[in-house]
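2 protein chains.
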Amino acid sequence: MPTGPLMIIGGAEDKLHKRSILREFVAASGAADARIAVVPTASSIGAEVSGVYDALFRALGAADVVTVAPDSREEAHDPELVARLDRSTGVFMTGGNQLKLSAIVSGTPVGDAIVAAHERGAVVAGTSAGASIQSSYMVAFGGPGSTPKQRMTQVAAGLGLLDGTVIDQHFDQRNRYGRLLMIVSHSPQLLGLGVDEDTAAVVSDEGGSRVMRVLGKGSVTVLDPARMTTNAYEAKRSSPLLASGVVLHVLPEGSVFDLDARALVPQVSAVDPEDAAELAEAQRDLRRMARDIAASDVSPTTLRRRQARTRRQTTPEPTTDPLDGARQ
Amino acid sequence: MPTGPLMIIGGAEDKLHKRSILREFVAASGAADARIAVVPTASSIGAEVSGVYDALFRALGAADVVTVAPDSREEAHDPELVARLDRSTGVFMTGGNQLKLSAIVSGTPVGDAIVAAHERGAVVAGTSAGASIQSSYMVAFGGPGSTPKQRMTQVAAGLGLLDGTVIDQHFDQRNRYGRLLMIVSHSPQLLGLGVDEDTAAVVSDEGGSRVMRVLGKGSVTVLDPARMTTNAYEAKRSSPLLASGVVLHVLPEGSVFDLDARALVPQVSAVDPEDAAELAEAQRDLRRMARDIAASDVSPTTLRRRQARTRRQTTPEPTTDPLDGARQ
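The listed protein sequences derive, respectively, from chains B and S. Take 1 as the starting number for the first sequence in the UniProt record's numbering and just add one per residue. Take 1 as the starting number for the second sequence in the UniProt record's numbering and just add one per residue.
Simulated from the structure, these hints should not be mistaken for lab results. Please note: incorrect hints may appear among the correct ones.
Same chains, same label: a pair holds when it works inside one copy or across any pair of copies.
DSSO-like mimics (lysine-lysine), calculated; alpha carbons at most 27 Å apart, straight line [stated by the list, open to error]:
1. 100 x 236
2. 15 x 100
3. 236 x 18
4. 18 x 100
5. 15 x 236
Keep in mind it's a predicted model, so treat the numbers as computed, not measured.
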């Protein structure tokens, strides 16, 4: 059985307007059949945060929403909380402090039940702290800045739902290139993922490959350090790090990326219906012009004039010459 | 005759303490023989800015410092200003507004004299606005942010001292990955250079290759878009851009980068003298151990014990076993 989709959300997902990301989460969790477990442990105001997501997921049509809110490792052994996760079709981990989440949940029956939910095919989503904890190596905390510097951030163990990665969030808004570059300079076997606010990386198992699709307003930045050169093993104190040869992918909504091949999956670009009709007409005209030229060997000028006459008779508005391109 | 070195400074270079970058500029301009022309045109408080650099360059030992401060394209035709540039061994363009600098100077006799100074071997340096104008394509202005978005920045023509590039400054401090990525997504034939504050990219012609050395507290970030995939030609309004497969190099002080080969030039890492002595001793010990093993076929344990006895007799302090590594 394939593992369930992961939704890695960069924080501050839209809750009041289109709610695209949260709507997608409910849909993937089964829509009217969705049974959702909210884990607000990262937050220091977990009850209120759960209240918001409970209302949101019900408004978006989920059948049932429960809260799994252990506040200590002791509570994270409660069989009732584990049962709630085991019954869910979707798990949602809120934002807050990812170290609090890992300190309370990782390696407990509740943590194991989240991993098990993913393995049995349920959707596991998380925003901000709830995004970071999904990677195998978790950014614990650290400062902002574009340039990687020694000691600017700390790594702890994540839940490991997305193996071989480190995930950072609020990536654009909090200027986190530097800290993600520092981590991949220390650990070039990892793939670095930086997710912007109101943006989700949706990862699913497609024929044995982990395929990531981007959804939302910002981008997902991928740092592939496989062939990098670094001085991270000898840089002193807080000096800037050498990080040469990192391959960078910045992926907006609609992008599809193979995390195992570490390559963009080419997409046919979306064309709006009006443009599509115009392009199809231009294609027909050009094919006909090519045939006419090949058949009668008349001058292209004569042909263009003849075509213009034909077009004036058949279309109400003149269009631009397709040889000059439909898009200027 | 090779062109002179370019010093591309990311702004806010240290003026009060070690002054490493400005000191290097005076040294490269001829030290006690340096005749420096300061161009403060980018600044709206040019007289005061010139006053500071005049005092600085004299304090650092320059023989002569003059100001070239045209305030209009008309003034930029003044033969006396051109003569000052023609006599200089170093030209320094201050920070401010690079569009003001290009609006007044580019394509005038003063602008041409700056280019000519570079071509006859003088040092041309510039900080902030004075850095940006050195590239062929100049960032005019634009907003901050890590994620590239359509229309987030504007490009104008620079002096073209560093051909085929676009240079951004205050790179770390003002979070400018996004705008530099937007520009290279529009123009993937350019190499993007982002220079941090109090940091200089020093470019010199070495056997026909343009070699860049990094100096200062931050880093120089290089974006090589040669093999990128982008949707920049069809992205609407201010939507985030696809920029996949950009090769990234973050280069701290001491890094050497070949701008034509677009590759790091490997350096022997600097080892401090104390470490060097310890490493040399460890090397001797290991070579001797290898010889002993090969010669007498005794067990390594016996040999290690024997070596430890020898070391205790000859060195006052015990050192770590070199086989475990000198650096933990």
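Okay, the hints, checked on the actual structure:
1. In the homo-oligomer, the alpha carbons of residue 100 and residue 236 never lie at most 27 Å apart, since the shortest distance is 30 Å inside one protomer and 41 Å across protomers.
2. Taking identical chains as interchangeable, the C-alpha atoms of residue 15 and residue 100 lie at most 27 Å apart only when both belong to the same chain, with a minimum of 24 Å there against 44 Å between chains.
3. Taking the shortest Cα distances, residue 236 and residue 18 sit within 27 Å of each other only across copies (19 Å), while inside one copy they are farther apart (48 Å).
4. Within a single copy, residue 18 and residue 100 get their C-alpha atoms no closer than 30 Å, and across copies no closer than 43 Å, so neither meets the 27 Å cut-off.
5. Taking the shortest Cα distances, residue 15 and residue 236 sit within 27 Å of each other only across copies (24 Å), while inside one copy they are farther apart (44 Å).
Checked against the numbered hints given earlier, this structure breaks hints 1, 4; the rest are met.
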